[in-house]
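**Student:** Protein chains in written order, with the numbering used here: chain H, 1 to 324; chain R, 1001 to 1506.
Take every hint as true, because none was put in to throw you off.
Here are the simulated DSSO-like cross-link-like pairs (lysine-lysine), alpha carbons at most 30 Å apart as the crow flies: (1) 315(H) with 1190(R); (2) 84(H) with 1190(R); (3) 138(H) with 154(H); (4) 138(H) with 152(H); (5) 185(H) with 1190(R); (6) 1190(R) with 165(H); (7) 1190(R) with 306(H).
Simulated from the structure, these hints should not be mistaken for lab results.
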Amino acid sequence: MTLIKQLAVVLVSFTLFAVSTVSAKPFSPKKPIELIIPAGQGGGADEIARLVQGVIEKNDYASKPVIPINKKGGSGGEAMTYVKKKNGDVHTLMITLNNVLTTPTNQPELGIDFFNDFTPLARLITDTFLVWIATEGKNTAGINTFDEFIAKAKGGSLVMGGTGKMSEDELLLGMMRGQFGFDAKYVPYSGGGAVAKGLVGGESDFTLNNPSEQMGFYQSGDSKALVMMTPERNPAFPEVPSSYELGYPDLEYYMMRAFMAPAGIDAEVRDYYTGLLHTVYWDSEFQSFNIDDGKLMSWLEGYGLKDFLAVEYDKHSVIIENFK
Amino acid sequence: METFGLLLDGIFTSLQWFNLGLLIFGCLVGLFVGAMPGLGSVNGVAILIPITFIVPPTAAIIFLAAVYYGAMYGGAISSVMLGIPGASTAVATVFDGRPLAQKGDAITALSAAAVGSFVGGTVSVILFTLFAPPLAEVALAFNAPETFALMVMAFATFVGLGGDDIPKTVFSILIGLLLSTIGLDLISGKPRLILFGMPGFLHGINFLVLAIGIYGIGEMLWTLESTKGKVQMAKMEVNMNEIGKAFKKLKSTLMAMSIGSFLGFFVGILPAAGATPASLMSYGITKQLSKNSKEFGTGVPAGVVAPECANNSASTGSMLPMLTLGIPGSPTTAILLGGMILWGLTPGPLLFTQEPEFVWGLIGSLYIANFFTLVLNIALIPAFLMVLRIPFAILAPVIFVLCVTGGYAPTQSLHDVWLMLIFGFVGYVLRKLDYPVAPAVLSIVLGPLAENALRQTLILSDGSMGIFFDFGEKPIAASIMYIALVFLLMPLAGPIKRKFFKAKSA
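Required output: the full structure, derived from the provided sequences and hints.
**Tutor:** Written out as structure tokens, the structure reads:
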């Protein structure tokens, strides 16, 4: 009895000691943090990743530097496989675009389990989508409203420029096909910038670009937006109606810019990175850059983020299923 | 005249002490990242982007453009001195630069690279100054069919690259094309040819992995075998006299300079191409049009001038679509573009009118950067030449380390290092068997560009190839296509003519 008591005392004091040392020294990175980008250089995800890196570096928000690494292969498959293998690694982060929601379904051979291979940290931004046409498009001349566009699209097959098969914008085209009953010839390009140029250069008739990708041509008047796929208008595009006010509430789609860590990290590590991202999120430079660019600031963490990802994942699985 | 005033303003902007300091520092950094295998301008600029948040946008772009620019010069140094392409843009520089150095004429090779770069850079920045807005229109009119036609022209010039043995050249091209299909298929969005299910193949085969393997490792094995580890060049005089002599030899490279400058600039302004394809195409076309095309590959100054001229010219050219259309003309400008957006600028048709100080500061800085890199390069020739005084038995392990880090750097995956070693060994064997390897390297660069453009066009034309030859519908594409056919038939003409004459005399 006494022996057990003694043992218990020793055990309790050990535990207390361990707890006290942990709480005395919170987690901080010991080496540079790898920030994996599942897309090429110069794209939307790359832009945000480098902005986050810049904001962290400029203000010394982290004790170690952040190193962005592009792993663009296989629609995010390469990056996800890499992060999956980094299970338990406390110096790896990944920025997401929606391809993390579609690639596990599209490429089952990669063996990625979206819900168990990663630790979601936070969503910072959602990017919106608009329907764009060229101001002087040869097939879209005289079109000023989204309804006129639908009528035209139903009549003949228009060409749509996009960022690649099964990418967000082709899924979106699939959604619109179901909702409005028109189809288009889909031509894939190698990035959002090339898509925008193809539109203004007259090769395609419309695109479903993010705001930042068309911003230059929008400001110069070479391209115009017909609808923004959100409940409300966006201050960066005051004259573009939202899909809700046009009476198409089903036409709502976003690109999420969230961050994840590998699975198997401690809650403490997760909280550290979530806190770091929160600091970045409220940085005035980060806020003003994204708002000017027409992005929606939409912080989400914890259970809210988990639920959001589960809903989005299912939504994308349905879209992919309908697409086939 | 208004342009001239703006340009002068720009030049003065870049001559302010702070900007000038950054510019010279950028050139030096660029020389270094260019010369280090695997650390090309893309990595250099990407690594330095965060630093630029602390300076004004004009200073930031001047600094990064100087890095980009310096890297174009720097790539040539390791290509010539070590036979390892320092950057993807300098692969074609190895073809003749390395043999020249081995013949004992490294001074000519380095001078040719420096002067070629200077001429290409200057011609292109003048073209940029004078014709930026109309050229943006050209870039806009250049879509998938035109890009494919241009790629066909590039491939046509390769057939002449491998010498007279056309079957071996075609074999080499096909190997390159096959390797280029590994990875993600843009059109279907599916991974393809993922050999043995290894995830390392998902990002495809990086062109530098192949180039560093074949030229770095392969060359090292080859030199070890042929020199038995001895010093390559025991004695070498370096003085102004020698450099002057080298400059005289460059008189014969006028044609290479004009092809490199104009072709490089033109290819540079096309979205998605960039300095690497420009330098390879310039080499191929110069060789085809040269009177002594047989000597290319054995060490002729024109073979160094053509690619070096083109890569600098193209790097300036690729800034044009970046500034005027907001689309990158090369991987490096893709990063610069990201930087501009982060600095709060909106690239696009309005940038020239809304941010004249930024745009003209950049253009002005290119003139200055050109001048400084030329001076730096000529001044540093003696330092570079010291490398050749090192016994190869010591140099070889250094080359090996540079190759391994160079293979690792672009993608940070060990998979690529193993791949590079395998390519190195295969390259060495192919060389022993007298197979030309250059066409394989070229086709792994242009293969994906050509494939995407072809398939995009065929989607647009509902599968009809006629679109490429239709002058009414696509005048630019059709003209390029017919020129390409001429290039394709030219090397065939040689052997046929010879056969014909032989038959006559017999």
